[in-house]
Structures are given as structure tokens and as C-alpha cells.
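Peer 1: Going down the list, the sequences are from chains A and B.
Once you know that position 72 of the first sequence is 72 in this note's numbering, the rest is easy, because the numbers rise by one and skip nothing.
When you read off a place in the second sequence, starting at 1, and then add 1000, the result is the number in this note's numbering.
For the record, the hints were derived by calculation from the structure and aren't laboratory data.
All C-beta atoms in this analysis are idealised placements derived from N, C-alpha and C, irrespective of residue type, glycine included.
Be aware that one or more of the hints could be misleading.
Said to hold, decoys possible - In silico negatives: residues of chain B with every beta carbon more than 10 Å from chain A:
| hint | residue |
| --- | --- |
| 1 | Arg1007 |
| 2 | Ala1008 |
| 3 | Gln1027 |
| 4 | Asp1035 |
| 5 | Arg1065 |
| 6 | Ile1069 |
| 7 | Asp1074 |
| 8 | Glu1086 |
| 9 | Asp1087 |
| 10 | Asp1088 |
Said to hold, decoys possible - Partner residues aside, some chain A positions facing chain B, computed with beta carbon under 10 Å:
| hint | residue |
| --- | --- |
| 11 | Pro112 |
| 12 | Arg275 |
| 13 | Ile278 |
| 14 | Ala450 |
| 15 | Val461 |
Said to hold, decoys possible - As a list, the in silico DMTMM-like pairs of lysine to aspartate or glutamate whose alpha-carbon atoms are at most 20 Å apart:
| hint | chain 1 | residue 1 | chain 2 | residue 2 |
| --- | --- | --- | --- | --- |
| 16 | B | Lys1094 | A | Glu356 |
| 17 | A | Lys430 | B | Asp1035 |
| 18 | A | Lys318 | A | Glu280 |
| 19 | B | Lys1094 | A | Glu357 |
| 20 | A | Lys430 | A | Asp464 |
| 21 | A | Lys318 | A | Glu370 |
| 22 | A | Lys111 | B | Asp1074 |
| 23 | A | Lys430 | A | Asp157 |
| 24 | A | Lys111 | A | Glu99 |
| 25 | A | Lys491 | A | Asp300 |
| 26 | A | Lys318 | A | Glu285 |
| 27 | A | Lys491 | A | Glu370 |
| 28 | A | Lys430 | A | Glu285 |
| 29 | A | Lys318 | B | Asp1047 |
| 30 | A | Lys318 | A | Asp253 |
| 31 | A | Lys430 | B | Glu1032 |
| 32 | A | Lys111 | B | Asp1042 |
| 33 | A | Lys111 | B | Asp1088 |
| 34 | A | Lys318 | B | Asp1035 |
| 35 | A | Lys318 | B | Asp1042 |
| 36 | A | Lys491 | A | Asp269 |
| 37 | A | Lys430 | A | Glu370 |
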Amino acid sequence: MSAPTRTVVTVSTGDPGTAANIAADVRAGRRTAVDVLAQHFARIDAHEGDVHAFNLVLRQQAGEQAATVDAAVAAGIDPGPLAGIPVALKDNLCTRGIETTCSSRILEGWKPPYSATVVQRLAAAGAVAVGKTNLDEFAMGSSTENSAFGPTRNPHDHTKVPGGSSGGSAAAVAAGFASIALGSDTGGSIRQPASLCGIVGMKPTYGLVSRYGLVAYASSLDQIGPFAHTVEDAALLLENIAGHDPADSTSIDAPPPSLVAAVRRGRADGVPGLRVGIVEELSGEGMSSDVLARLDVAVDRLRTAGATVGHVSVESTKLCLSAYYLIAPAEASSNLSRYDGVRYGLRVSQGAANVEEMMANTRAAGFGAEVKRRIMLGTYALSAGYYDAYYGQAQKVRTLIIEDFRRAYQQFDVLITPTSPTTAFSFGDKTADPFTMYLTDVCTIPSNLAGDPAISVPCGVGDDGMPIGVQLLGPALSEAVLLGAAAVIEKGN
Amino acid sequence: MSERLTRADVVHVARLARLTLGDAEVQSFTLELADILAHAHDVASLDTAGVVPTAHPLPLVNVLRADVIRPGVDRTEVLAMAPWAEDDRFRVPKILGETT
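If we strip away everything but chain A, and leave its shape as in the complex, we get (with noise of 0.2 Å):
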């Protein structure tokens, strides 16, 4: 932890500017992707040695890609609406040919055969891939310090995590190492993050994003989801990436949404008639007194745009972390079950007397601890005699929690709660007891678990000086809605 101790950029400031204006700018001619992934690697070389929001940082790679898009609008040929914009990959997205690790042991060195269709979709767009992000060991955690690469730092301050499990996607924008930045969020590893690091993160409506080439952790509950410092960053990437993908038999197929002109819309003309509901199940007990005030804050914000507030109940959220922390582990321990040594990654053969032992073997050494406590509590959690007692049951309240927010949705548009009950933490405070670091997901896995979308945007910061993010949540495929009412919270920064 040497100093400096903060490494944070702000896009008002910093030289870069919006995603939007490196776009606009690449393909108009007025600035070259080669100049801005300078500006990028430029600020990695300072700091990453400080935050380590890599795996693996694509020097070679992305020099490529930015001369190629130039080489484009030289030819007179548009490199498309990403262009030229640097971008952080999470490194559980595929990428051909390409080291891919979940920050796991067990799949170190292993380059994949194929890339994700996100990261298709974004080289097909002219965004320039910067590097492949830290996360906690394959998504499981909420601080990166589950990482077996060691943990990502919060570039606001050294000594707090950057969240997790997407940290280091989340720090890679916060300290202008990309200028946005793709996570997977299965119970808020993206919302949290950005929460904690002062940026934009959203988890999209389950289906919109393909899931083809993240490697899956929990997959009834697993979404492909932006990162940026605005809104409407957040709004282009998603853009770009959503849509139906035949790869992927759970993307949804229908075209997809217009998003960048519901954030324009939201600035300029607010949000006139919509109905904001305050979770109160979410907005009380266990959360800081600081986060609640600047929940109040964002109310007022949207209250001012012409929106109409009130309080409503959503009982089953209380139920959520236990069904959750049962539903995701039981698909892990399901999805996890491919690492056996055969295919990928790592074998270790040393006195296994015959394949199973290799086997178990491989996966002793391969996993971490939060992964084993995952794998074996999913397994038990589908075990004869216990299936019905705890999957059967979570998978129930699953159907109660996806009622609730219905009826709510009656009366309300969108609710409102904080993304994370506090700001960002020390390093080690809550790995002692693991069920400790579970509650810091308590006010997002609502929205996973009823594969609704939901987004973290900024508002402020807490009495230590660290950022605050608020989420607000909608129905399935609400993202113009969302986006719209946090480009007016975003707005009174």
C-alpha cells in the first residue's frame, strides 16, 4: 500500500473525456484511437502497480486495434459507435486465443478457442480492448480479495476494497485505466463495485446480453452488464452489446432497446409523472446513516423532475440472501463440476492411484476457499434428502420475491435503495466470517434473483469521504427507464 494512496479520475477533468466524446471525436477525425489508448496506458503505467486492476494488460493487442480503427477513418470508412473507445474486460469473458482466468488457479494459462459475443460485439463496434480485469476467484465475493491473483485496491483510497466481484473492472475506470469497462453480475458484482468506486454499473434485464462466453457461475442468475463514469456511457456500451444472440438460448430475442436517447431525455426534460417507490425493507436497518442520507438526496433529486415518491413494502427481499446463497451455490457446484483436469487448466496426476483421485486432487489444489464453501454447500443443497428442503425452497421464494416486485410494480415505475449498505471496506474486515461479507450484497440480489434490471449510479460520498452509489430497480426490460432516472440523479453531482 505505498503511496499515492488515491489514483481517481474524473471524466469532467481528466483528459480523456466521456466515452461518448472519444467516439465522436475518433470518427470524425478529430482525435486518433492511437492517442487515446496512449492517455490510457499512460495512466496504467503510473498507477497499476498501486490499484492492480489486471490480469493482464493487452499492450500489443490494443495498439492494433486503436491503428486499425484509425486506419479505418482515414480510409473514409466509419470503425463504428465505439470507436476507438479503450475498454476493460472482465476476466471471465472469453477472449480468443487469450489468456482467461477467472482469477483462478485452476485455469491459469488457459487461452481460450473462442471470444464471448460481447467482446465480438465490441471489436465489431471500434472499441479497443485494454486488458482482462481481477475479479474475486469465478465471481464468487464481494471485495476481490478472493481473487488467487491477490486483491484489486479502491483507487479513491489504497487500504478499501474496490467491491467485488467485478473490482477490478470497477477500478480500471474509476482510475482511467479504460474509459469503460464490462462485469458479470450475478448478485450485485457489478452494482457493488461501482458503487464503491464512484461510477456508473448496471445489471441488465436476464436475456438482454448474450452470456455466450462467460464463464458461468450461477446461470439462471448471471447477466453481462456495463461500467462507465455517466450514464449515458453506461447507456452506449449496453447499446452495443444487448440483442439477440443464437449462441445464447436464453437471450431474448427481440431488438434491442434504444437507450442513449432515454438518457438525453431524462437530462433535459427529467422525469415528469414517474413513480418512485422507497423499498422499505432496504432502507432502514443495516444500512450506514450516511448511505440513507444520500438515499435522501436522490429522492429529492427526482422528486424536483417531476417525479411523484412514496413508500412501498417488499416484504420476501428479507428472504433473498438465504435463497440466493442457496440457489447460487447449488448451480456453481452443477457449473463448477467441468474443472476436473481432463479438458483445461490445471491436472495435477501426483498420487492419484486413478482418474477420480486426479480429480479431486485437481480441484484441492485449483479452487480457493470461498470456492470449495461454495461448491460444497451447492452440493449438499442438492443432495438426496436435502433437495427439496433447501433448493426446492429457495427455488419457491424465488417465485415469492418475483410476485412481490409485481405488485409493487403496480403502483410504482421504479424503486429506490441504496446499492450497498456502507462504503467500501478495509481489507480483511469481513473475510473472517464469511456470512459477514454476504449481507453487503442484501440490496442487490433482489433484482438477480427476479432477473430484473437494475443500475448503481453516484450520488455523493459518506462521512469518510468515500463514494455512495443508489440503486434503482425496474421491471423486466425497463433499462430506458432506469437509465432516464439516473441521468437526472447523475445530473446534481
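Go by the hints and put chain B onto chain A.
Peer 2: Structure of chain B alone, referenced to chain A:
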């Protein structure tokens, strides 16, 4: 279900999960998993008579695509990542231990 998770349960589950655990791990998982499951009591004990389980947030059934040949991943690329491959196949230690 209401009885507390035992050491024997943990050893059994580790076998099902193909995880070799040391004594210290068995010890700590016995305590930690019991603790987490105690927190899950609110879900396990809930009266859910008549509630239909949700396995998935999208009501999708039978997603089909046209049955046309498309290129798959490259065999050489895939096998190059295997810990042990031979003759276009993955190689593993013997399956049946000391028998045969």
C-alpha cells in the same frame, strides 16, 4: 433437516463434489456450512404450500434453431489447451484404479 451438519456429512459431500479435503478443511467447513445453513432456516422453514418453484427468470420453452451445419471450435486449438492429449483425444489416467 433441522439436525446440525456433521463432520461425516462434510466428508460425504466432499466425495460427491470430487474435492480432496484436509482435516483442517473438514473441520472449518463443518462449522462454516452449519452456520450458513442456520441462516437459511428462514427459507427452509417457510410455509410454501401451493407455491410453484421458479427455476429460471425467463418463461422459455424449447428454444430451437435451424438444423444447419456451422463451423465449430478448432480441434487443434482445443486440444492444445488440454493437460494431456494424444491422437486427437484427451488422455486421462486409468479409470478403474487397480482392477484390470
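Peer 1: A separate judgement is required for each hint: does it hold in the structure or not?
Peer 2: Verification of the hints:
1. Against chain A, the non-interface label of Arg1007 (chain B) holds: every CB pair exceeds 10 Å, the least being about 13 Å.
2. No beta-carbon of chain A comes within 10 Å of the beta-carbon of Ala1008 (chain B); the shortest separation is about 12 Å.
3. No beta-carbon of chain A is positioned within 10 Å of the beta-carbon of Gln1027 (chain B); the least distance is around 13 Å.
4. At the 10 Å boundary, the C-beta of Asp1035 (chain B) falls inside the reach of chain A, the nearest C-beta of that chain being 6 Å off.
5. Distance check on Arg1065 (chain B): its Cβ comes as close as 6 Å (rounded) to a Cβ of chain A, failing to clear the 10 Å threshold; non-interface status is violated.
6. Under the 10 Å C-beta cut-off, the non-interface status given to Ile1069 (chain B) relative to chain A holds; the minimum distance is some 14 Å.
7. In this structure Asp1074 (chain B) is not separated from chain A by more than 10 Å, as the shortest Cβ-Cβ distance comes to only about 6 Å.
8. At roughly 13 Å, the least C-beta separation between Glu1086 (chain B) and chain A is larger than 10 Å, which holds for a residue marked as non-interface.
9. With 10 Å as the threshold on Cβ separation, the claim that Asp1087 (chain B) sits away from chain A holds: the shortest Cβ distance comes to roughly 15 Å.
10. Once the 10 Å rule is applied to beta carbons, Asp1088 (chain B) is consistent with being away from chain A; the minimum gap is 13 Å.
11. Hint status for Pro112 (chain A): holds, given a least beta-carbon distance of 8 Å to chain B, under 10 Å.
12. Using the Cβ-Cβ criterion of 10 Å, the hint placing Arg275 (chain A) at the interface with chain B is not satisfied: the shortest such distance is roughly 23 Å.
13. The closest approach between the C-beta of Ile278 (chain A) and any C-beta of chain B is roughly 24 Å, which is over the 10 Å cut-off, so the hint fails.
14. This hint holds: Ala450 (chain A) has a C-beta 7 Å from the nearest C-beta of chain B, less than the 10 Å allowed.
15. Contact between Val461 (chain A) and chain B, as hinted, is not supported at the beta carbon level, the nearest pair being about 32 Å apart and thus beyond 10 Å.
16. Proposed proximity of Lys1094 (chain B) and Glu356 (chain A) is supported: the alpha carbons are some 9 Å apart, at most 20 Å.
17. Of the pairs offered as hints, the one joining Lys430 (chain A) and Asp1035 (chain B) holds, with about 16 Å between alpha carbons and a cut-off of 20 Å not exceeded.
18. Simply put, Lys318 (chain A) and Glu280 (chain A) have alpha-carbon atoms about 11 Å apart, close enough for the 20 Å limit, and the pair holds.
19. About 10 Å separates the Cα atoms of Lys1094 (chain B) and Glu357 (chain A), which keeps this hinted pair within 20 Å; it holds.
20. A hinted pair counts as satisfied when its Cα atoms are at most 20 Å apart, and Lys430 (chain A) with Asp464 (chain A) qualifies at roughly 18 Å.
21. Our distance criterion of 20 Å between C-alpha atoms is broken by Lys318 (chain A) and Glu370 (chain A), whose separation comes to about 24 Å.
22. For the proposed pair Lys111 (chain A) and Asp1074 (chain B), the alpha carbon gap of about 13 Å is at most 20 Å, so the pair holds.
23. With a C-alpha separation of about 17 Å, the suggested pair Lys430 (chain A) and Asp157 (chain A) falls inside the 20 Å cut-off, and the hint holds.
24. Restraint check for Lys111 (chain A) and Glu99 (chain A): the C-alpha separation of about 4 Å stays at or below 20 Å, so the hint holds.
25. Restraint check for Lys491 (chain A) and Asp300 (chain A): satisfied, since their Cα atoms lie roughly 12 Å apart, inside the 20 Å limit.
26. Taken as a hint, the Lys318 (chain A) and Glu285 (chain A) pair is honoured in the structure, with Cα atoms around 11 Å apart against an allowance of 20 Å.
27. Between Lys491 (chain A) and Glu370 (chain A) the alpha-carbon distance is near 39 Å, which puts this suggested pair outside the 20 Å criterion.
28. Simply put, Lys430 (chain A) and Glu285 (chain A) have alpha-carbon atoms about 19 Å apart, close enough for the 20 Å limit, and the pair holds.
29. Taking the CA atoms of Lys318 (chain A) and Asp1047 (chain B), the gap is near 15 Å; set against the 20 Å cutoff, the hint holds.
30. Using a Cα cut-off of 20 Å, the hinted pair Lys318 (chain A) and Asp253 (chain A) is violated, with the two alpha carbons roughly 33 Å apart.
31. At roughly 14 Å between alpha-carbon atoms, Lys430 (chain A) and Glu1032 (chain B) fall within 20 Å of each other, so this suggested pair holds.
32. Between Lys111 (chain A) and Asp1042 (chain B) the alpha-carbon distance is near 43 Å, which puts this suggested pair outside the 20 Å criterion.
33. Proposed proximity of Lys111 (chain A) and Asp1088 (chain B) is supported: the alpha carbons are some 18 Å apart, at most 20 Å.
34. A distance of roughly 18 Å separates the Cα atoms of Lys318 (chain A) and Asp1035 (chain B); the hinted pair therefore holds under the 20 Å criterion.
35. Of the supplied pair hints, the one linking Lys318 (chain A) and Asp1042 (chain B) holds, its CA atoms being roughly 9 Å apart against a limit of 20 Å.
36. For the suggested pair Lys491 (chain A) and Asp269 (chain A), the alpha carbons sit about 12 Å apart, so the restraint of at most 20 Å is met.
37. Taking the CA atoms of Lys430 (chain A) and Glu370 (chain A), the gap is near 13 Å; set against the 20 Å cutoff, the hint holds.
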